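J.: One letter stands for each residue in the lines below.
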Amino acid sequence: MPTSLTTLSAADLATKLAAGEVSSVEITQAHLDRIEAVDADVHAFLHINEKALETAATIDGQRKAGDKLGPLAGVPIAIKDVLCTLGMPSTAGSRILEGWIPPYDATVVARLRAAGLVPLGKTNMDEFAMGSSTEFSAYGTTHNPWDLDRIPGGSGGGSAAAVAAFEAPIALGSDTGGSIRQPAAVTGSVGVKPTYGGVSRYGAIALASSLDQVGPVSRTVLDAALVHDVIGGWDPRDSTSLKDEWPSFADAARAGARQESLRGLRIGVVKELDAPGFQPGVTQRFHEALALLEGAGAEIVEVSAPNFEYAVAAYYLILPAEASSNLAKFDSVRFGMRVNPVGGGTVEDVMAATREAGFGPEVKRRVILGTYALSAGYYDAYYGSAQKVRTLIQRDFAAAFSQADVLVSPAAPTTAFKIGEKVEDPLAMYLNDVTTIPANLAGIPGMGLPMGLAPEDGLPTGIQIMAPARADDRLYKLGATLERLLEEKWGHTLLSQAPTL
Amino acid sequence: MSEVPPITPDVVRHLAGLSRIALTEPEIEKLTGELGIIIASIEKVSEVATADVPGTSHPIALTNVYRNDVPGRTLTNAEALAGAPDHDGSRFRVTAILGEEQ
Chain V
1 MPTSLTTLSA
11 ADLATKLAAG
21 EVSSVEITQA
31 HLDRIEAVDA
41 DVHAFLHINE
51 KALETAATID
61 GQRKAGDKLG
71 PLAGVPIAIK
81 DVLCTLGMPS
91 TAGSRILEGW
101 IPPYDATVVA
111 RLRAAGLVPL
121 GKTNMDEFAM
131 GSSTEFSAYG
141 TTHNPWDLDR
151 IPGGSGGGSA
161 AAVAAFEAPI
171 ALGSDTGGSI
181 RQPAAVTGSV
191 GVKPTYGGVS
201 RYGAIALASS
211 LDQVGPVSRT
221 VLDAALVHDV
231 IGGWDPRDST
241 SLKDEWPSFA
251 DAARAGARQE
261 SLRGLRIGVV
271 KELDAPGFQP
281 GVTQRFHEAL
291 ALLEGAGAEI
301 VEVSAPNFEY
311 AVAAYYLILP
321 AEASSNLAKF
331 DSVRFGMRVN
341 PVGGGTVEDV
351 MAATREAGFG
361 PEVKRRVILG
371 TYALSAGYYD
381 AYYGSAQKVR
391 TLIQRDFAAA
401 FSQADVLVSP
411 AAPTTAFKIG
421 EKVEDPLAMY
431 LNDVTTIPAN
441 LAGIPGMGLP
451 MGLAPEDGLP
461 TGIQIMAPAR
471 ADDRLYKLGA
481 TLERLLEEKW
491 GHTLLSQAPT
501 L
Chain P
1001 MSEVPPITPD
1011 VVRHLAGLSR
1021 IALTEPEIEK
1031 LTGELGIIIA
1041 SIEKVSEVAT
1051 ADVPGTSHPI
1061 ALTNVYRNDV
1071 PGRTLTNAEA
1081 LAGAPDHDGS
1091 RFRVTAILGE
1101 EQ
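Those protein sequence lines, which keep their order, are chains V and P. Okay, so the first sequence: first residue is 1 according to my numbering, each after it adds one. Okay, so the second sequence: first residue is 1001 according to my numbering, each after it adds one.
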């Protein structure tokens, strides 16, 4: 059983730390014990930070000395392995980076450390974040804490499973086409993809640079907001980082949790993402959530986004194209693996042998696809057309946000599927992200949060909230209200219903 | 869309060369089939990508960013070499750049 310290939210742990009721060492030890007890089954972690207790003790010392500490100081956090960390291997789930320890921290990691959070370790993911199930990790699949025979979503299944299994209260993820929101949906946790440029990507191993965004993973909306407040904001080391002054997202979440009425709020339901092909229990819970929001005073309006139909196709041109370019850096020279072909060879031969041995099947598939899409003669037909679709999707969002303050959809079309079920069918795997991809193509923020268990299989379903670019606060405000309304209706949190590991 | 030739093993072999991945023959066979299916499904982008629609390369418009030309903290030689598969203490070490025919 998880102990009381591992079931508490980050916000509650922070309160206890500030009151001197518990130390960071005690909290960190409780989570390390929990990892020791359950991670052989869940496999959320690729690496455990040997210095976690030492860091926790330092924070405890600073608190005793009366130093001014951040709101989450002393709270442990798990970090997706796509993020560079000093002192811990950063593999992005790939064999080609096995054991690689970066010479610098990602900006988001440096900000966590500066705010006194305690890194617990690195979480599992699909190789270079290419996948929706963690089955494409070079280091084995992560298992869904709700049913160990099922996938935890992906690519950030490790971070989602870590919080859902009470191995960490909070975690960091990255979201290129849904890698934070879809795992949240299938594990009953919360995840946010911020506005593109809202959070620095310096030190995040790039997948598709015009789509990638780092964001928080948690069990509560407030916890996600607290993490976002720590990691967000302009970074001179990321040229795509926005210079905006952001409001406190924690304040937005607290205001949302207090809010009794949603009167005056227009919630748009994207017709094309309320699709008849979705699992019945997902659609049922989604409509129940809409009724709950309407009962609280919100105005539900149907909006249409006709070009979303083309989003998955555009995404699977843009992403491989950008990935094939980004992954060219794995050349066996500066970092990572080197494989020398039998009989020797030139640098090019060594590079090709290394990439053959170091990349897994999905990475090879997408690099080859991206190389094809960028080939002379096909560029306009494929990559050029996909960029036009991107414009059309942005226009669809602009029209939708002229009718509604926020948009909602299911966060994933199904509950967690069985491990192995789709691993040999790339197209079926790609369709898992049908609801989340449009937000990445348009750069807008999105949140995935629990909306109940599907009646047919008893597994978590998630709702997605989307807001206009730069209006991330709306996600936290509405998310916290909906979270409270749902938990009042259920009489408990969703994750309290997860089976004992 | 212009006529696109079908994906054949030779096309995949060529792409693998451009991508610097020494695919095995069984991988080339498998990818030939898979890529054909994937490309058939993503070709639909051309249905709505008409000439009057401008492309979007970046979700949020940005202008180029220049920083002040002042030295910052950079990696030391030792830090930069720490993750390299092979080095001589100050430089990355690689095998021959050019083959015999070059």
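Just so you know, these hints were derived from the structure itself, not from any lab. Please note that the accuracy of each hint is not assured.
Calculated cross-link-like contacts (lysine-lysine; reagent style DSSO-like; alpha-carbon spacing at most 27 Å) [unchecked claim]: (1) P:K1030 with V:K271; (2) V:K51 with V:K16; (3) V:K68 with P:K1044; (4) V:K16 with V:K64; (5) V:K271 with V:K243; (6) V:K51 with V:K64; (7) V:K418 with P:K1030; (8) V:K68 with P:K1030; (9) V:K329 with P:K1030; (10) P:K1030 with P:K1044; (11) V:K422 with V:K489.
This one's a predicted model, so the numbers in the text were calculated from it and none came from an experiment.
J.: All hints, please: hold or fail.
T.: So, going through the hints one by one against the coordinates:
A distance of roughly 37 Å separates the Cα atoms of P:K1030 and V:K271; the hinted pair therefore is violated under the 27 Å criterion. Annotation: proposed proximity of V:K51 to V:K16 holds, straight-line Cα distance about 22 Å (limit 27 Å). Between V:K68 and P:K1044, the direct Cα distance comes to roughly 56 Å. Violation of the 27 Å bound is thereby established for this hinted pair. Of the pairs offered as hints, the one joining V:K16 and V:K64 holds, with about 14 Å between alpha carbons and a cut-off of 27 Å not exceeded.
A threshold of 27 Å between alpha carbons decides the hint, and for V:K271 with V:K243 the separation of about 34 Å lies outside it, so the pair is violated. Only pairs whose Cα atoms come within 27 Å are accepted, and V:K51 paired with V:K64 is accepted, the gap being roughly 20 Å. Distance check on the hinted pair: V:K418 and P:K1030 sit about 23 Å apart at the alpha-carbon level, within 27 Å; holds. The hinted pair formed by V:K68 and P:K1030 fails the criterion: a straight-line CA distance of about 59 Å is larger than 27 Å.
A distance of roughly 26 Å separates the Cα atoms of V:K329 and P:K1030; the hinted pair therefore holds under the 27 Å criterion. Between the alpha carbons of P:K1030 and P:K1044 the distance comes to roughly 23 Å, so the proposed pair stays at or under 27 Å and holds. At most 27 Å may separate the alpha-carbon atoms for a hinted pair to count; V:K422 and V:K489 exceed this at roughly 35 Å.
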